[in-house]
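I would like the entire structure built from these sequences, with the hints used as guidance.
Protein chains: 4
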Amino acid sequence: MSYTASVVGGSGFTGGELLRLLDGHPEFEVVQATSRSYERKTVGHQHPNLRGMDLRFTDPSELEPVDVLFAATPHGVSMERIDAFRDAADTVVDLSADFRLGSETQYDEWYDGHDRPELLADAEYALPELNRENLPGADLIASGGCNATATILGLKPLFDAGVLSGDEDVVVDVKVGSSEGGAGGGAASSHPERSGIVRPYAPTSHRHEAEIEEFLGLSVSFTVHAVDMTRGAAATCHVFPDGPVGKKDMWSAYRESYGDEPFMRTVAGGGGVYRYPEPKAVAGTNYGEVGFEIDPGNERVVVFSAIDNMMKGSAGQAVHAANVALGIEETAGLAFQGLHPVGAP
Amino acid sequence: MSYTASVVGGSGFTGGELLRLLDGHPEFEVVQATSRSYERKTVGHQHPNLRGMDLRFTDPSELEPVDVLFAATPHGVSMERIDAFRDAADTVVDLSADFRLGSETQYDEWYDGHDRPELLADAEYALPELNRENLPGADLIASGGCNATATILGLKPLFDAGVLSGDEDVVVDVKVGSSEGGAGGGAASSHPERSGIVRPYAPTSHRHEAEIEEFLGLSVSFTVHAVDMTRGAAATCHVFPDGPVGKKDMWSAYRESYGDEPFMRTVAGGGGVYRYPEPKAVAGTNYGEVGFEIDPGNERVVVFSAIDNMMKGSAGQAVHAANVALGIEETAGLAFQGLHPVGAP
Amino acid sequence: MSYTASVVGGSGFTGGELLRLLDGHPEFEVVQATSRSYERKTVGHQHPNLRGMDLRFTDPSELEPVDVLFAATPHGVSMERIDAFRDAADTVVDLSADFRLGSETQYDEWYDGHDRPELLADAEYALPELNRENLPGADLIASGGCNATATILGLKPLFDAGVLSGDEDVVVDVKVGSSEGGAGGGAASSHPERSGIVRPYAPTSHRHEAEIEEFLGLSVSFTVHAVDMTRGAAATCHVFPDGPVGKKDMWSAYRESYGDEPFMRTVAGGGGVYRYPEPKAVAGTNYGEVGFEIDPGNERVVVFSAIDNMMKGSAGQAVHAANVALGIEETAGLAFQGLHPVGAP
Amino acid sequence: MSYTASVVGGSGFTGGELLRLLDGHPEFEVVQATSRSYERKTVGHQHPNLRGMDLRFTDPSELEPVDVLFAATPHGVSMERIDAFRDAADTVVDLSADFRLGSETQYDEWYDGHDRPELLADAEYALPELNRENLPGADLIASGGCNATATILGLKPLFDAGVLSGDEDVVVDVKVGSSEGGAGGGAASSHPERSGIVRPYAPTSHRHEAEIEEFLGLSVSFTVHAVDMTRGAAATCHVFPDGPVGKKDMWSAYRESYGDEPFMRTVAGGGGVYRYPEPKAVAGTNYGEVGFEIDPGNERVVVFSAIDNMMKGSAGQAVHAANVALGIEETAGLAFQGLHPVGAP
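Residue numbers (the numbering used here), protein chains in the order written: chain A, 62 to 406; chain B, 62 to 406; chain C, 62 to 406; chain D, 62 to 406.
In short, the hints are calculated from the structure, not lab data. Take the hints with a grain of salt, since some may be wrong.
Which copy is meant is left open, so a pair is good if it fits within one copy or across any two.
[Claimed, not checked] Here are the simulated SDA-like pairs of lysine to any residue, each with C-alpha atoms no more than 25 Å apart in a straight line:
hint	residue 1	residue 2
1	K308	E391
2	K102	W312
3	K102	S313
4	K102	P197
5	K102	G331
6	K102	G243
7	K308	D230
8	K308	R268
9	K309	Y172
10	K102	G247
11	K102	P323
12	K102	S280
13	K309	D115
14	K102	D200
15	K308	G223
Computed from a prediction, not measured in an experiment: that's the story for all the values here.
Next up, the structure:
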């Protein structure tokens, strides 16, 4: 193993997912996982899937020097502790929203004041399919948000290929699982209240709109619903192009963008049970699926995009970005398939 | 009890729901439930909730004379057997799509040829909140479809009050439960394949668009997703009005339409876990909920509407319509509350 | 309506269930629901199924005088406030464990010291199928616990009929839903951690053993598992009788005990999907189901018992007991059927 | 890659799981997957997790010569086609029950007549933790059944260490997920009927008792319940030892048997949410978990055992056995961790 790594905020869901991925990664050795609340407990105490892993949480105030530090802390923590993170590691991959936006102006529009606005321009936003060319050698990487990632992956090829002009009205109706609420929960995420729901979770003004605007260059109408699954984000994008769009154009646009992408699959129609992108089909993996249907009645293009919010929407994307940043094989530690069947992903 | 009733197609999900409702209804006595496959079995054999009910399925070819016949048969059966139904009963309430549309032209656009097109004009479409004035004395009633009902209930008050003009672009993104697929199932609705999904179920061209067009006078962009619940239909309508719309206008429109409706509730914001319409909140009942949020960023109105597809979207609506048709108290047999908590409605 | 009622602890799950039942009860008028945390909020704020109910929570320190007070407070509260409860109401029905056991000795064995041990002998344990003869005129009623109720309902007829002697080894393996954990939750009941589980919840020493011992006169080996449903308790009792037991004896024992019981159903075999007692079949209702199978290989009798823990295991049983205590028709307000299908009850 | 492999019966759930495992296995190359119904379809058509895998189903009548053939066909097929299987491959690993029992007498007691009883003695039963010493060089391997595997893994160390004598009464109460019913389904496994259940699935006389008897040398009282998860089998074994058993003895017995086992974990108590074996903790993996609690009241030992029925209970165990048979590193292709959180495993 060529690189040492640490996970700050190791007891949360994305922290646990990073530990799982790094544990199976051929090039990384995990030397530290921090947790203030669970110091000295094994990582398996919080993450039962990792009960066989020989590692205990340590206090976040004492960071080990490592090659790569992954920060899986709540929004706001990374901007406070960024100097300590960069002192400890050559490469910092932040999974929070703290360094995703490009300017203080943008940040202030959606969040409440940034402690270290001067660093915003330094950080590389990481959605490797979008901008992998910026990542090699990057020392501060901001891994993309889950709902933004799902949306961008579905729409961007259509803009790149000119199938869409960028002036269209776009409605994005997202369905997400309960892991987006994080570990710990509260009344709204308790099992009796949360199971079996279709709940408007962010009817309007979800902060991921900021990332979509910045990286897609398009303002979208964005609504997020919570549904009964644990992992997964499915974005349905209803787009109204100026003129008719053909199936061939759509296929060709996705092929152009994703034909060589190791983690992207285009799924549109065919027979069988699974004809479109579904979170179940990618659960637990770094794969993303995109697909579409054309509505003959109203010249609408319906784009479907599905990811695992904790993987391609968070920890998987972060490891993918670190692979690119360090010059490791892109798929290292991420090339495994998902499960079928799987109940609620 | 003042009226006798029968349920044709009593072994399916909506047939069972009708039996449950009629069993608890103060004015109806169920004298027959038919099922070709389960003849002579008790109704509890198919509907375990009704294991205490003393009634056995009989062959559908021998219909008892009754005051009201509820037909809960697959689409296409009612148009074939309508004469026998009308011979047996003074009032026929059909829960299929066979008699919902007003003209053969409309029907042919969405379905494959109607056996008895001359009856289409005679049948009254029943969505009591929309057109209860047409129902008293009606002898052939076509109970509205679940996804259409959810959509129409959410949008119609806004047109009636002039908040929307009817020229707007409207995207309707519906999420439905597995009972819409009916009893019996197939590979797509088997538990391992169906649980935990967000699956594009009718990406475009869902037949309920026909009802919406006809009764709302508006063409909508309509997409249906299957999600992990058993009962429930939640319609999210993304509407782009020509000019700014205020919260007051919205509240006022819903109050005007639904202020005196016994089964409609408007839910929009407030604190707590349940701030908007949710299928869970109305599961098992004839209640419908509507609510909304206004997106300040793009002058979009987001309308939420939730019903139980088997109740207000089917059997409950049918009994409601029968109550109105016969001059019974509207809420008779339907006034009970739902459950909380309930896992997956 | 003949009686006024109040619900102390109205914002919890069983409090909400009581409000639902009393709202639909022909003889009760709810005049007060208390909640310290949600004072002045509507009951629909906590219980979305009751969004149409015109009632607001009030402070529990000021109790209205009523005919019947239902206490749905956490264990330990009733024994502290019992004098205030009895001052406010002629009849107090307590849903907690505070007054279920008959003696201080019994109580101390399973709980930590009773504030008012002298009242234990006064309180009537209420499992109406077991001891309805004690209830008429009772002024302090302790409604039975859910897991104990399921177990007792399954086994008692066999002892009464002499099919079992009472000396048998009995293993009771119970599966329960998430509502047993109450509203509010914590990490263990958060949706991501709680969904899809089979979790040993009380591997040994569950306190409901005390009730079983006292009211069944038998020590059982008792283990409770949490599974993925919201409502429901299913007890599987593995019993090893001294000699052979026939199916006829079993049927006869249940018929003898439950033949005239309005809320009990015996279900054992037959065809179809639902051949045995299941929580789904009774979800939302006051019905209980019992059934059995005989293992030819090892002369074991397997008894299945299913209830809705919030209904027959709590609020339904409490209203049933109040009906009997006041001389109201036993089934008043409780005679409705459950739902089919229903996702997770 | 050193060995070629084929999967006969590749479109079913265990067939798909084998394909997933072999696709990620460093020593196997899959050269054929058969399916009569889906000939020429990609494997991703049936297994959406494998949409990226470049392999199409072929007709089962034309088997390619391979080093190892995995048969994932329904019970009864392997015994019919065993000669063709052995002609095609040096090593046959059968996942059905056809060759699990050691003698025709045993087989006839639980099943209906064996076509090739003379082969029963030749086949090696494979539960590697139990009998890995028999596997090297084996050419016909019968992979153990899921419920039997869970039970045997939990109990055997206690017999081996003398904590239990083998004369005890043992009640095994198993909870399983819907994948045990296989792909395709029927009414009982349709989502509306199957979700949220606690259903007695095999109240008595489950055929896996035969394996337990044969390989554990003990008759057990065995009952299987279906609960709401897709993957997973959890066995709770209630054992009544002759004399007192201490926690130390239990720990020591499990340490002795499983201390060096790569796939076994002992989990018993401690804090946190996950204190005992749970199917969720091992979902998607070849890990098995065992744990216990001692009931002070009735000198009962409660043993918990959890596996993924499709992995350690089927495909994972089969690959594990093939690894041992061929002298490959035991954990090759199986060493990955599971997911956390995961909705319904």
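Hint check:
Proximity of K308 and E391 under a CA criterion of 25 Å is satisfied in neither setting, with 31 Å inside one chain copy and 48 Å between copies. Taking the shortest Cα distances, K102 and W312 sit within 25 Å of each other only across copies (20 Å), while inside one copy they are farther apart (50 Å). When the C-alpha separation of K102 and S313 is checked against a cutoff of 25 Å, the pair qualifies only between copies, where the shortest distance is 23 Å, while the shortest distance within a copy is 51 Å. Taking the shortest Cα distances, K102 and P197 never come within 25 Å of each other, neither inside one copy (35 Å) nor across copies (40 Å).
Taking identical chains as interchangeable, the C-alpha atoms of K102 and G331 lie at most 25 Å apart only when they sit on different chains, with a minimum of 10 Å there against 49 Å within one chain. In this assembly of identical chains, the alpha carbons of K102 and G243 lie at most 25 Å apart only when taken from the same copy (20 Å versus 28 Å across copies). Within a single copy, K308 and D230 get their C-alpha atoms as close as 20 Å, and across copies as close as 23 Å, so both meet the 25 Å cut-off. For the homomeric pair K308 and R268, the shortest alpha-carbon distance between copies (22 Å) is at most 25 Å, but the shortest distance inside one copy (32 Å) is not.
For a Cα distance limit of 25 Å, the shortest separation of K309 from Y172 qualifies neither inside one copy, at 41 Å, nor across copies, at 28 Å. When the C-alpha separation of K102 and G247 is checked against a cutoff of 25 Å, the pair qualifies both within a copy, at 23 Å, and between copies, at 19 Å. Taking identical chains as interchangeable, the C-alpha atoms of K102 and P323 lie at most 25 Å apart only when they sit on different chains, with a minimum of 22 Å there against 37 Å within one chain. With identical chains, the CA atoms of K102 and S280 are never at most 25 Å apart, being 45 Å at best within one copy and 38 Å at best between copies.
Proximity of K309 to D115 under the C-alpha cut-off of 25 Å is restricted to the inter-copy arrangement: shortest distance 23 Å between copies versus 52 Å within a copy. In this assembly of identical chains, the alpha carbons of K102 and D200 never lie at most 25 Å apart, being 30 Å within a copy and 45 Å across copies at closest. Taking identical chains as interchangeable, the C-alpha atoms of K308 and G223 lie at most 25 Å apart only when both belong to the same chain, with a minimum of 14 Å there against 38 Å between chains.
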